[in-house]
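Novice: Residues per chain, in single letters:
There are 4 protein chains.
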Amino acid sequence: MDRAIFEAMINTRRQLHRRPEEGWTEFETTYYIVSRLKTLGYEKILAGASCINKEAVLGRSAELVAREKERAVQAGVPRAFIDACEDYTGALAVLETGRPGPVTALRFDIDCVLVEETDDPEHAPNKGGFASERKGLMHACGHDGHTAVGLAVARWIIEHKDELSGTIKLIFQPAEEGVRGAAAIAASGLLDDVDYIFGSHCGGKAKPGEVALVRGGVLASTKLDIRFTGKASHAGNEPHKGRSALMAACAASLMLAGIPRHGGGASRIAVGKMIAGEGRNVTPVHALIQIEVRGETAEVNDYMVENVKHIVKGAAEAYQTQYEIEKTGEATTIIDHPEMQKLVREAAQALPEVKNIVELSNPSGSEDFTALLKRVTDKGGQGALFRWGCRHNGHHKSDFDLQDEQSMPIGFGVFCNLVKKINSAAC
Amino acid sequence: MDRAIFEAMINTRRQLHRRPEEGWTEFETTYYIVSRLKTLGYEKILAGASCINKEAVLGRSAELVAREKERAVQAGVPRAFIDACEDYTGALAVLETGRPGPVTALRFDIDCVLVEETDDPEHAPNKGGFASERKGLMHACGHDGHTAVGLAVARWIIEHKDELSGTIKLIFQPAEEGVRGAAAIAASGLLDDVDYIFGSHCGGKAKPGEVALVRGGVLASTKLDIRFTGKASHAGNEPHKGRSALMAACAASLMLAGIPRHGGGASRIAVGKMIAGEGRNVTPVHALIQIEVRGETAEVNDYMVENVKHIVKGAAEAYQTQYEIEKTGEATTIIDHPEMQKLVREAAQALPEVKNIVELSNPSGSEDFTALLKRVTDKGGQGALFRWGCRHNGHHKSDFDLQDEQSMPIGFGVFCNLVKKINSAAC
Amino acid sequence: MDRAIFEAMINTRRQLHRRPEEGWTEFETTYYIVSRLKTLGYEKILAGASCINKEAVLGRSAELVAREKERAVQAGVPRAFIDACEDYTGALAVLETGRPGPVTALRFDIDCVLVEETDDPEHAPNKGGFASERKGLMHACGHDGHTAVGLAVARWIIEHKDELSGTIKLIFQPAEEGVRGAAAIAASGLLDDVDYIFGSHCGGKAKPGEVALVRGGVLASTKLDIRFTGKASHAGNEPHKGRSALMAACAASLMLAGIPRHGGGASRIAVGKMIAGEGRNVTPVHALIQIEVRGETAEVNDYMVENVKHIVKGAAEAYQTQYEIEKTGEATTIIDHPEMQKLVREAAQALPEVKNIVELSNPSGSEDFTALLKRVTDKGGQGALFRWGCRHNGHHKSDFDLQDEQSMPIGFGVFCNLVKKINSAAC
Amino acid sequence: MDRAIFEAMINTRRQLHRRPEEGWTEFETTYYIVSRLKTLGYEKILAGASCINKEAVLGRSAELVAREKERAVQAGVPRAFIDACEDYTGALAVLETGRPGPVTALRFDIDCVLVEETDDPEHAPNKGGFASERKGLMHACGHDGHTAVGLAVARWIIEHKDELSGTIKLIFQPAEEGVRGAAAIAASGLLDDVDYIFGSHCGGKAKPGEVALVRGGVLASTKLDIRFTGKASHAGNEPHKGRSALMAACAASLMLAGIPRHGGGASRIAVGKMIAGEGRNVTPVHALIQIEVRGETAEVNDYMVENVKHIVKGAAEAYQTQYEIEKTGEATTIIDHPEMQKLVREAAQALPEVKNIVELSNPSGSEDFTALLKRVTDKGGQGALFRWGCRHNGHHKSDFDLQDEQSMPIGFGVFCNLVKKINSAAC
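Protein chains in written order, with the numbering used here: chain A, 1 to 427; chain B, 1 to 427; chain C, 1 to 427; chain D, 1 to 427.
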């Protein structure tokens, strides 16, 4: 790839790596993206509230956002910018070539994870002086690289816009972690005219020099926060007057783990956290459990969610507590459009750096690109998800790194080739 | 006591010991009682359905009754007698002296327990040749003695009726075990005119030669049968299609055991039995648990019952099963009428065989005489429960025995003395 | 197929259908098989204890066997025969052709299931007058047909023995239901010289006219009976002195259902039955739960068993009870020998009645032929399992029927063709 | 009482109210007490480590202490003082009169609770400008008053020392909340020569103008922190590799709630808090539950603790996690020395402010004065606990207040009268 674009991309990634922001608080990141897109010459840029449907937002804490907004302002983001975004994050740039042609959307996710970066001096960001400046937060899943690739693709597109036809939509999606952000973008309707949509993720099982076509195995998933509210009483004097939210949460947790396996495919249930009770000798009033379910098919995932609802309601009834179930994230399975897989394969094959192309379909994690692809598919479009390999020590670990920055050009290249193929003015 | 009455009483007790009948199936026993009362000269005898309110019957299995009716017929009870009783058991004899005076009721319970009598040759019923002829059933709680005492008292009363005033009601109550029978007698209204009611039990903590005034400590109790109904499925192929009644019952059992202690007094919860499931590899459709709760006060017992209801409903909801709660027994706490305690004390003191009189008030078992006393009290009457001591190896054990038949005259004597005091024509 | 053989086979199947016997109690069936084999001219017949390793027997109740032995004797089986079998069932006939050649084993299972046959007059066994004479027991899985096919194959072999070389071993396996019987046969060592082993099952997903090659999807499974033993106490007076086996079983059941899913393949856990407790107001001393686990791979199944052990031990510890875990059945996954699949395919293709040949590999039930195949494979042999289709309303249902007796010749034909191919004297 | 002493006492209480400190962090309070005692003329003052047995300390977090020490230093407590205390709190002053006579000990507790004081302007501390300056901490149980009474008594004693004989020991006990502090003082041996020990508490059920003799009903109690440690795994990809500490804690909690009631007296079990898990999609590695048990007798309490141990061990076994049980507090029942009750009664009767004297014996809270009394009793001494009534809105509530500072003189008066009676030089 073009040396200047490559170097800018690497710089961008490092700059973002320094300032990781968790889902729905990517103010510095969004401001950076929007500023860069403007500089590149994009005219139609939707940021924050304007690129999502606020009703459909999942897993966003107003309290956290308020706090983080102040932090971002202190870090130099103009308050007016965030205000204009209505305190939401993410951006969507639209390039209309003016020539008739298909609408193509590319998705890049921008948030970090709650991991503390290692202080190992051999860790490249430490060596290179671009480690996270924000304790407890880290781009340990590579979304800094995704965003940098996205901005590089944005630059390539604008530099080649005279050779292109149709419309290109570049989505910089917030809050992919916890599969929270895509739903609100899907629900915005802004992708309803999209003919083709593509997303990617670095690493995973894809090895350096490899492009992996994701044909299946992405588990549908729903993330839920469940709250029980009981009644306090002195546990020594009047235990009978209390209603223990903690006990309701414990009973629910045990029963949740026991949701029967589904004969139609793999399922998952995890009770990942519980915080319950106020004091040793007081009947606990508040209990929160954070759970997630998954399914090899949407049907299996729905089955799990349905069972969760019955169990939580039942536990609340048994312990005479109140309850709330809040959906904080949601993803579905990947839809396999064989023609799109073929396109990605060709786009990858055209790159000399690509040594191997594989297909993935075994059950693994979840990815909320699936929500965008589903919306596009429902409206008559198509799309695909691919992985570009890289060396790494495991995602979400404190020593995760895009160890070979040379891997990013593959992601860049596949996206550009796809645009070339689909939106060539020559076609 | 009169030698003839004593010997008849011992004979009666032994005869009844041979033919133990469990609650609501006391056909031979009821027929025996009614025959004897007639022979004695009682004219007003209500038997079976006529001395209870059928709507208020607890813990009676129509299936068991039907089977046992045939057994009783085979054992010689006229079918017409049982038909006239409408398949119910128990009897109530009324003696109207014709002289104005108070209405006094005496209660004697008649059923056996599900215990297999020991074959120890030293066990008195084996030695004396009057052991249970019905395998698995035994008068191991002394109700054979209670009934024998009752018939002896009935004889004494009729022999002394010219010295008595007012009305005497002799209640031969079915199904005391599981505290089932009293509710239906109370609800019959036949005791609503009673001024004084007395009941007794042999043994317990009362030692030989001792009469114990029961002033408290009788736990209120409710017995419940709980059934869950789920949905079958092959546990290997389609586990997700099943709804496990067994799991609902297990979760309910765990949560039941965990009902918070009551700050206002002792409580009890027991899950005594579970029968659940049809086959190893089929999701269980049926589950039955048999439970009981108790409370030092009626309020505590009600609290337990209320919690049971929420828990069972919640467990059914959680596992998406149906459920039923059937009350099979109920008793309340003893009401302490100090004046009546005084009367019993005096009646006992007048007996030379009585060496000691004690008061009981520590939490112990349950007794459904409490339901009769409550009804009488609610209608303006009074009453008391007492124990007459005897040597024994523990109630409900296979070697229980009224080891000293000499103890029965004490029970007999207290009852007669009470009647003498209250219904003396001389007063 | 030969008309005489066919008719004998149908008669056999009907005769067996009338006298269904559950696993390890197949005395009438075994006697019938042995008698027939003798009549056919088999000289080396091992029956009962002589064809199994008694140490390795699973899921056999000595009490049930003793009772059923008397029943069989009453039904006409010579007591001496059963005595010689040492009260065990099943048979193994060996035909040595005298010509060098491979050792081939064929497996036929002979037990029934605990299902009550429908009284629907349209149900063929009712129409044909050969319905089960034993209430609550029924050949509702088609093993009557398997045995009949086996005896027909035995006849064909002996009639063609001059055209055959090597050795043929015909296994009439007891107790396949609950996957109990194969382990003891495998452990006998009698199959350690086997080069090729084949088994079959009627029906399932195989349609009429179809032969299905079972290449995978047979779940490994372990069946366990778990007993907790606690301590009795009066639940009202001394609840603290009891140790509830019921509660231990409930807690174990809940925790068992919650064994985490395995990332490496489908797993199953079923708590199918619980019987616990002696009386409503007594702390339960005895609790039995009958469970099974399954796994898409042996590793997954082992993982489940390992977790069961920890959970049961933990529940017993928590409730201060004793426990026992008894393995009552075990099966593993199918080993796929492609060459054997090819042989079966060819054997099936040679039959004009076979319209279609399919392959099965989706997770479904369990089958203890897998234990025999594993033993043979471990010792250097190979083998395969196939299904011959038939019309049916579902296995283990009260109206199951081999509705088209014309399907049995396909099973017969595949076995004979396999023997022809492998043990042809001409080869 | 003496006006000067009264006014100093009120001032002291208000000053302490402003600077509440939780158990084992009472550095400002201890420094204040020690300074005052010195000023008063006490010569033998043991502070911090010198008045406890460090091995027997319960419920003290070194981490919290370290942080709070810095806070106290910043607030003006000399670092050298805390260092000399070895970072422990509490004080014991000894007055030897030089005249032979009994050794009398008086106990005053000094710590606060974790309650946030109300901002209601009508709340006296707000009105009077002495509300807590430490957010989230408050003297909401009246120990500020206890300490102020203690210092007033100390003053009275020194002012009257010439009229006294024997030895007086004044215990300013840390960490009464959570019944943590007394054990270490008891174990110090410093009270082994005590003949008489007295403690008091304000409020509770004692009304203004009332002194209550605590003759029973103080529940024995044990406070436990239970930690489970499991193994992390990605809950989506490898759920089978995780060992959930959260699930172990949930199962333990359910089973703990279900410890059978004790037939020998009231028991309590409370699971007051749970903190478990690290992230929604990670198998939880850490779980902490904070529990307490209580018993009407030490035997009942021991029974509860014994059951807790079995349950926690069992849950850890079932879920294959590690576990730890840490005792963080312990109290026993009150020992009733009738002669001491009589003494307190007389000491109270002698006060004109006392309108009424009552006796308490119903089960209620716990109090670790019991540990001191037990030690003294074991060594041949005697003692008693009393309550001096006051108006209040409920202990441990944000608007708790010693609403009538006039109540404190009653506490003061009873202690002084006891000393007068026991240690009078005239005797």
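Source of the hints: derived by calculation from the structure; they are not laboratory data.
One or more hints might be untrue.
Where chains are identical, the list cannot tell them apart; a pair therefore holds if satisfied intra-copy or between any two copies.
To be verified - Pairs of lysine to aspartate or glutamate, EDC-like flavour, derived with a Cα cap of 16 Å: (1) K231 to E133; (2) K44 to E70; (3) K309 to D195; (4) K241 to D336; (5) K309 to E324; (6) K135 to E163; (7) K420 to E22; (8) K313 to E238; (9) K241 to D302; (10) K397 to E278; (11) K355 to D162; (12) K207 to D2.
Novice: Looking back at the hints listed earlier, which ones does the structure fail to meet?
Specialist: Violated hints: 1, 2, 3, 4, 6, 7, 8, 11 and 12; rest satisfied.
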